[in-house]
Amino acid sequence: MIDVMYFAWVRERIGLPKETIETRAETVADLVEELKSREERYAMAFADVSALRVAVDQELSDFDAPLSGVREIAFFPPMTGG
Amino acid sequence: MIDVMYFAWVRERIGLPKETIETRAETVADLVEELKSREERYAMAFADVSALRVAVDQELSDFDAPLSGVREIAFFPPMTGG
Amino acid sequence: MTIRVQQDAFDLGAEVAGFATDRKDAGALVTFTGIVRDLTDTDLTVMEIEHYPGMTEKALGAIADQAAKRWSLADVLVIHRYGRMSPGDRIMMVATAAKHRKDAFEAAEFLMDYLKSRAPFWKKEITSDGSEWVNSKAEDEAALTRW
Amino acid sequence: MTIRVQQDAFDLGAEVAGFATDRKDAGALVTFTGIVRDLTDTDLTVMEIEHYPGMTEKALGAIADQAAKRWSLADVLVIHRYGRMSPGDRIMMVATAAKHRKDAFEAAEFLMDYLKSRAPFWKKEITSDGSEWVNSKAEDEAALTRW
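Quick note, the sequences are listed as chains A, B, C and D, same order.
At position 59 of the first sequence the residue is numbered 883 (our numbering), and the sequence of numbers has no breaks.
At position 33 of the second sequence the residue is numbered 857 (our numbering), and the sequence of numbers has no breaks.
At position 84 of the third sequence the residue is numbered 201 (our numbering), and the sequence of numbers has no breaks.
At position 27 of the fourth sequence the residue is numbered 144 (our numbering), and the sequence of numbers has no breaks.
Certain hints may be false.
[What the hints assert, rightly or not] Stretch by stretch, here's where chain B covers chain D in the computed footprint (C-beta under 8 Å, at least three residues):
| no. | region |
| --- | --- |
| 1 | 171 to 177 |
| 2 | 228 to 242 |
[Stated by the list, open to error] Every beta carbon over 10 Å from chain C, so not counted as near; a handful from chain D, in silico:
| no. | residue |
| --- | --- |
| 3 | Ile120 |
| 4 | Arg121 |
| 5 | Val122 |
| 6 | Gln123 |
| 7 | Thr162 |
| 8 | Asp182 |
| 9 | Ala185 |
| 10 | Lys186 |
| 11 | Arg187 |
| 12 | Ser245 |
| 13 | Asp246 |
| 14 | Ser248 |
| 15 | Ser253 |
| 16 | Trp264 |
Since the hints were derived computationally from the structure, they do not count as laboratory data.
Predicted, not measured: the structure shown is a model, and the values here were computed from it.
For each residue, glycine too, the CB sits at the ideal point set by N, CA and C.
Chain A on its own, in the form it takes in the complex (with noise of 0.2 Å):
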C-alpha cells in the first residue's frame, strides 16, 4: 500500500489530490506505466515524464527509484516558488 499524491496541474488532470495504491511494481517509473495503463486521464497526466518531478517519502527523487519500503510518492510539475 502506497499512498500517492498528485499536485499542480497532475493533480488538476488526474482529478484527485491523493489516492491509496495496491501495486506490484518495482520503480516509479513501473508504477507510472502501471497509472497510465489504468484510464486515459493517467495517461494524459503522465504523457511526458520529463515535464514531472517525483518525490519518494517527502524527498526529490529520480523515475527509476525502487518502491521497495516507500509509504509515499508524488507527483507535481517543476515547483515554481518564491
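Place chains B, C and D on chain A using the hints.
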C-alpha cells in the same frame, strides 16, 4: 580664498574642522606642502598623504588636481561607511 | 533558524525587528521579499499557491541547513505563504544575519535560488481570461549551477 | 529614488512598507541593514559616525544613479545615519525593488560596496579603553573591482 575642511583623524590632528585660507598654490599637492610648512600639527596630519583622500568641491579627486576656480577642498582618511 | 509555511500575511518589519537581536556580532542583515506582480498583459486578479504540506517544511529546512553550513550566519529566517493572494501581496521572505555583508548577501541569494526550484510550491495565475499554472523557468534551474 | 542622511533612528519595516508600492511590476524587494556590532575583544560603548554634509548626499545620489543605470530597478532607497549609536542600533539601510530578484540583489550589493568606500562617512569606536577611528579594509576597496 579657499575653504579647507578636515574630517575624522585629520580634523583631530589639525585641531579644527574648517578654515578659510588665501593661497597661491596651484595644485592640491602644493597646498598640502604649504600647510605642512606652516605648523607641526599640519606636518603631522599630512605626513603620509597616501593614507589620505581629498575632495575638490565635494567630489573625490587627486592630489595633482589644479586649484584654479576651486571653492572647497576637504582632506580625510579613507571612508568607512556602511 | 526559523522556517514558517503559512496562509496568513506576514509583516516584514515585525519579522526582522526581533530577528538575530540576541546575536550582537551580527552587523549585516539582508532580506528578500517576493511580491505578487501585476502583469501588464493580462489582469491578474488572484495568485494561488499550492504546496506539499510536510515536504515543504523539510525541503526549506534542508535548504536553510545547507546555507548555514556554507556561510557564517548568525541566523536564518524563511517564511513562505500558500493560498490565494492579490497583486501587491507579499508571497514570501528570507532574512539572513551575519557578521559580514558578503555572507549575508550570498546566503540570501542561495536560499532564493534553491527555494525557487527545490521547494514544493506551485503558482497559479488567475486572470479575467481564466487560470494558468506558472511555468518554471530554465534560468531558475540554471541559477543553481552557480553554487 | 530616495536618499536620506539623518541623525535619527529609522524603522526598517516602516521604510519598506511604503517602498515601491506604486510599482506593480516589482516582484522582488531586497534590503540590507548595517547594525552596530558588539565587539567581543573590547567593550564597545558607542559608535560615532562623522560625515561631510553636502558631499554625502551628492555621493550617495551618484552611487544610486549608477545602480539605476546598470540594473532595471523599480526603486532605490538609501538611509545612512550619523552621530552617536550603541551596539545593536541600525546604522544604515539600502532597499532595491525590481521585476526580477537578480537585479534587486546585484544592485543592493553594488550600492553597499560603493557606499562603504566612496561615501564620506567615518566611524569611530569608543570603548572603555578609549576611542579609535575604524580603519578602512583592503577587502572593501577590492570589492569595487567586481563591478
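Against the structure, the hints come out as follows:
1. Coverage of the region 171 to 177 of chain D by chain B holds [criterion: at least 3 residues with CB-CB distance below 8 Å; count 4].
2. Counting residues of the region 228 to 242 of chain D whose CB falls under 8 Å from any CB of chain B gives 11; the rule of at least 3 is met.
3. Against chain C, the non-interface label of isoleucine 120 (chain D) holds: every CB pair exceeds 10 Å, the least being about 19 Å.
4. Taking the minimum C-beta to C-beta distance to chain C, about 17 Å, the non-interface status of arginine 121 (chain D) holds against the 10 Å cut.
5. Distance check for valine 122 (chain D) against chain C: the nearest CB is about 20 Å away, which clears 10 Å, and the non-interface claim stands.
6. Glutamine 123 (chain D), annotated as away from the interface, keeps every beta carbon of chain C farther than 10 Å; the closest lies near 18 Å.
7. No Cβ of chain C comes within 10 Å of the Cβ of threonine 162 (chain D); the nearest lies about 13 Å off, and the non-interface call holds.
8. With a cut of 10 Å on Cβ distances, aspartate 182 (chain D) stays outside the contact zone with chain C, its closest approach being about 22 Å.
9. For alanine 185 (chain D), the requirement that its beta carbon stay farther than 10 Å from each beta carbon of chain C is met, with the minimum near 19 Å.
10. Non-interface call for lysine 186 (chain D) relative to chain C: holds, since the shortest CB-CB distance, roughly 21 Å, exceeds 10 Å.
11. Every C-beta of chain C lies more than 10 Å from that of arginine 187 (chain D), the closest at about 17 Å, which supports listing it as non-interface.
12. At roughly 16 Å from the closest C-beta of chain C, the C-beta of serine 245 (chain D) stays outside 10 Å, upholding its exclusion from the interface.
13. The Cβ of aspartate 246 (chain D) lies farther than 10 Å from every Cβ of chain C, with a closest approach of about 18 Å, so its non-interface assignment holds.
14. The Cβ of serine 248 (chain D) sits about 19 Å from the closest Cβ of chain C, beyond the 10 Å cut-off, so the non-interface label holds.
15. The beta carbon of serine 253 (chain D) sits about 15 Å from the closest Cβ of chain C, which is more than 10 Å, so the claim that it is off the interface holds.
16. Residue placement check: tryptophan 264 (chain D) keeps its beta carbon more than 10 Å from all beta carbons of chain C (closest about 14 Å).
Comparing the model with each earlier hint shows no violations; every hint is respected.
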